[in-house]
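K.L.:
Using the sequences and the hints given, assemble the complete structure.
Residue 31 in numbering that gives the first Met the number 0 sits at position 32 of the sequence shown; the count goes up by one each step and never skips.
Note that these hints are calculated values from the structure, not bench results.
In this text the structure is predicted, and so the values were computed from the model without any measurement.
For each residue, glycine too, the CB sits at the ideal point set by N, CA and C.
Treat each hint with caution, since some may be false.
Cβ-Cβ distance ranges computed for the label pairs, FRET-style [what the hints assert, rightly or not]:
{"no.": "1", "residue 1": "D55", "residue 2": "A13", "range": "29 to 35 Å"}
{"no.": "2", "residue 1": "A13", "residue 2": "D42", "range": "16 to 22 Å"}
{"no.": "3", "residue 1": "G81", "residue 2": "G102", "range": "31 to 37 Å"}
{"no.": "4", "residue 1": "G41", "residue 2": "P65", "range": "18 to 24 Å"}
{"no.": "5", "residue 1": "V44", "residue 2": "L12", "range": "29 to 35 Å"}
{"no.": "6", "residue 1": "G102", "residue 2": "Y78", "range": "27 to 33 Å"}
{"no.": "7", "residue 1": "A82", "residue 2": "G102", "range": "29 to 35 Å"}
{"no.": "8", "residue 1": "V19", "residue 2": "E97", "range": "17 to 23 Å"}
{"no.": "9", "residue 1": "D71", "residue 2": "C20", "range": "26 to 32 Å"}
{"no.": "10", "residue 1": "G41", "residue 2": "A86", "range": "16 to 22 Å"}
{"no.": "11", "residue 1": "E15", "residue 2": "H64", "range": "25 to 31 Å"}
{"no.": "12", "residue 1": "T18", "residue 2": "H40", "range": "15 to 21 Å"}
{"no.": "13", "residue 1": "A52", "residue 2": "A13", "range": "24 to 30 Å"}
{"no.": "14", "residue 1": "H40", "residue 2": "A86", "range": "24 to 30 Å"}
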Amino acid sequence: MGTLIEQLQAELLAWEGVTVCPHRFGGIEFQYRGRELGHLHGDRVADFPFPRAVRDELVASGRAHPHHRFPDSGWVTFYIRGADDAADAVALFRLQYERMHSGSTRPTAGPAEP
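P.N.:
In structure tokens, the structure reads:
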């Protein structure tokens, strides 16, 4: 069956146009057509670059936390503590994927994220 991260990676790579590469500050990054969907630091932290309005909604609803290093940016952090959290992480990757796939995205502003 594999680790939670292996399962998450298998799920994401099954989506059309999604690739994986090393993240510039460690971990693995998932991209859609060369643009970052989000990345994993180890097996417990996922970070996502959302537009500020989406970020605010995710934080207000409790689905994600302000980014662990850049809390005032559009980035969010999601902590993976178990299988249920892994499913929620996939949902956040899917939200980002759908935004990019539908063309309703533009480059995210803000600091580069580690």
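K.L.:
All the hints need checking, so say for each whether the structure fits it.
P.N.:
Hint by hint, here is what the structure shows:
The hinted range of 29 to 35 Å is satisfied by D55 and A13, whose Cβ atoms lie roughly 30 Å apart. Judged by the Cβ atoms, the range 16 to 22 Å given for A13 and D42 holds: they are separated by roughly 19 Å. Separation of G81 from G102 is about 34 Å and conforms to the stated range, judged on CB atoms against 31 to 37 Å. Between G41 and P65 the C-beta distance comes to about 19 Å, which sits within the given range of 18 to 24 Å.
A beta carbon spacing of about 20 Å between V44 and L12 contradicts the range 29 to 35 Å that was offered as a hint. In this structure, G102 and Y78 meet the distance hint of 27 to 33 Å, their C-beta atoms being roughly 30 Å apart. Between A82 and G102 the C-beta distance comes to about 33 Å, which sits within the given range of 29 to 35 Å. In this structure the hint that V19 and E97 lie 17 to 23 Å apart at CB holds, the actual value being about 19 Å.
Range check, D71 to C20: Cβ separation about 27 Å, and the 26 to 32 Å hint holds. Against the hinted window of 16 to 22 Å, the Cβ-Cβ separation of G41 and A86 comes to about 18 Å, which satisfies the hint. Checking the proposed 25 to 31 Å range against E15 and H64 shows it holds: the Cβ atoms sit about 29 Å from each other. Take T18 and H40: their Cβ atoms lie about 18 Å apart, and the range 15 to 21 Å holds.
In this structure the hint that A52 and A13 lie 24 to 30 Å apart at CB holds, the actual value being about 29 Å. In this structure, H40 and A86 break the distance hint of 24 to 30 Å, their C-beta atoms being roughly 19 Å apart.
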